[in-house]
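Enquirer: Here's the letter readout for the chains.
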Amino acid sequence: MILFPAIDLKNGQCVRLEQGDMARATVFNLDPAAQARSFVAQGFEYLHVVDLDGAFAGKPMNAQAVEAMLKAITIPLQLGGGIRDLGTVEAWLAKGVARVIIGTAAVRDPGLVKSAAKKYPGRVAVGLDARDGKVAVEGWAETSQVTALEIAQRFEDAGVAAIIFTDISRDGLLKGLNLEATIALADRISIPVIASGGLASIEDVKAMLRPLAKKLAGAIAGRALYDGRLDPAAALALIRTARNAAA
Amino acid sequence: MTVAIIDYGSGNLHSAAKAFERAARGADDPERIVVTRDPDFVYRADRIVLPGVGAFADCRRGLDAVNGMADALTEAVRNKARPFFGICVGMQLMASRGKEHVITEGLNWIEGDVEKIAPRDESLKIPHMGWNTLDLAREHPVLERLPLGPKGRHAYFVHSYHLNARNEGDVLARADYGGPVTAIVAKDTAIGTQFHPEKSQRFGLALISNFLKWKP
Chain A
1 MILFPAIDLK NGQCVRLEQG DMARATVFNL DPAAQARSFV AQGFEYLHVV
51 DLDGAFAGKP MNAQAVEAML KAITIPLQLG GGIRDLGTVE AWLAKGVARV
101 IIGTAAVRDP GLVKSAAKKY PGRVAVGLDA RDGKVAVEGW AETSQVTALE
151 IAQRFEDAGV AAIIFTDISR DGLLKGLNLE ATIALADRIS IPVIASGGLA
201 SIEDVKAMLR PLAKKLAGAI AGRALYDGRL DPAAALALIR TARNAAA
Chain B
1001 MTVAIIDYGS GNLHSAAKAF ERAARGADDP ERIVVTRDPD FVYRADRIVL
1051 PGVGAFADCR RGLDAVNGMA DALTEAVRNK ARPFFGICVG MQLMASRGKE
1101 HVITEGLNWI EGDVEKIAPR DESLKIPHMG WNTLDLAREH PVLERLPLGP
1151 KGRHAYFVHS YHLNARNEGD VLARADYGGP VTAIVAKDTA IGTQFHPEKS
1201 QRFGLALISN FLKWKP
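As they're listed, the protein sequences go chains A and B.
Under my numbering, the first residue of the first sequence carries the number 1, and numbering increases by one thereafter.
Under my numbering, the first residue of the second sequence carries the number 1001, and numbering increases by one thereafter.
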């Protein structure tokens, strides 16, 4: 599995939200590039970045901060938030983003995901954010009646690199990953699934490494890394040990 | 596969249904065309058609008068990504607002207002009634192999208002009636025509047939 440290951008700064509520934002670092470098120094191998303002606006809003991060690091970076047309997908990939994450547009314009994934195999991921199992869109401000599974199934065989499944009700609350729902999704599709929302401690990392969770491609860690509940060195050591044992 | 044509008391249902039936007959996988007032059926349909004749505010009221229909429609199109075809006022309802006599909220799928057309040439009458060619603004699967441009086929218009879209990218084609008139809009899995494809003969049937084949 890959443990992705998350950097959420709001007004050019690194923040964490609680349950996606923009009014409940805590600023953790004023300098996203410095934060990115610090994650690299801790040994992480892949960054997860969300342009929160972009998710609400429907277009990139923190481009400067993202570009500064891309210049600051050499490990791959995946980016979501406000990516809703092929032009934006292409612009980010050309700037060095390893993988773009399409959320709202995956719900409303599945054709975009399919054509982007066909043109850029392995570089397009789908972000599905669910509240009580139903997918939320527009920066989580609106909830639909469709399930994450229904949407994920649209993209079987489309060449989508990963589905990042976030349980909104847990995000930012440090209640632990919703592994049950995430594994249930992963069991029914062939696209790799990344768990997100609520990762609280080393216990979540251990749970990810159990055989039951072996279908999951990774997990995203946010608040727990910023407030020190999750020791990155210990978490990454566990993952390395598990990888070596498997090899 | 089912195509739901929404019956909300706004005219042209019969001719719309006939045109869709005719276009579907030639398809490899013939679709069942159903005229319906049942929001649950609309929610479950594979494709949805919203016709519309008359004034924007009346049509909006008509849609809201069918309990649950506006929600079922929005959910099916915006979240379940079902292909949608709006005709005339059915297309105008896709806009943020209508400004016909009074300001009325639209479905707000396409940013922009429905405004009175204002031909530069004063001899051009309002309503605009008649046949016009279409100028392509953006390529789209539903326009594939359709003869557009000044030498292309004609579409039949009857209207005094048109959708003035805020984003250029949402407009697929325009007609010229003393100035540009929005003829076809599209966003995500929805398209809409100001003209009446069901009265536009071969061109209209070809367009409907493309829509029925479209897999967004």
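The set of hints was computed from the structure by calculation and includes no laboratory data.
It should be emphasised that the depicted structure is a prediction, and the values quoted were computed from it without experimental measurement.
Hints may be right or wrong, so weigh each one.
[Claimed, not checked] From the derived model, a few chain A residues whose C-beta atoms are all more than 12 Å from chain B:
id : residue
1  : 105
2  : 144
3  : 183
[Said to hold, decoys possible] Under the rule of at most 16 Å between Cα atoms (straight-line distance), these lysine to aspartate or glutamate pairs were calculated in the EDC-like manner:
id : chain 1 : residue 1 : chain 2 : residue 2
4  : A       : 59        : B       : 1021
5  : A       : 114       : A       : 67
6  : B       : 1215      : A       : 67
7  : A       : 134       : B       : 1075
8  : B       : 1199      : B       : 1075
9  : A       : 95        : A       : 132
Cβ atoms here follow ideal geometry from the backbone N, Cα and C, with glycine treated the same way.
Enquirer: A separate judgement is required for each hint: does it hold in the structure or not?
Expert: Cross-check of the supplied hints:
Non-interface call for residue 105/A relative to chain B: violated, since the shortest CB-CB distance, roughly 8 Å, does not exceed 12 Å. Some Cβ of chain B comes within 12 Å of the Cβ of residue 144/A; the nearest lies about 3 Å off, and the non-interface call is violated. Every CB of chain B is more than 12 Å from the CB of residue 183/A (nearest about 24 Å), matching its label as outside the interface. Annotation: proposed proximity of residue 59/A to residue 1021/B is violated, straight-line Cα distance about 40 Å (limit 16 Å).
Of the supplied pair hints, the one linking residue 114/A and residue 67/A is violated, its CA atoms being roughly 26 Å apart against a limit of 16 Å. A hinted pair counts as satisfied when its Cα atoms are at most 16 Å apart, and residue 1215/B with residue 67/A does not qualify at roughly 35 Å. A hinted pair counts as satisfied when its Cα atoms are at most 16 Å apart, and residue 134/A with residue 1075/B qualifies at roughly 12 Å. Restraint check: the Cα-Cα separation between residue 1199/B and residue 1075/B comes to about 29 Å, which exceeds 16 Å; the hinted pair is violated.
Note on residue 95/A and residue 132/A: the hinted pairing is violated, with a Cα-Cα distance of about 36 Å set against a maximum of 16 Å.
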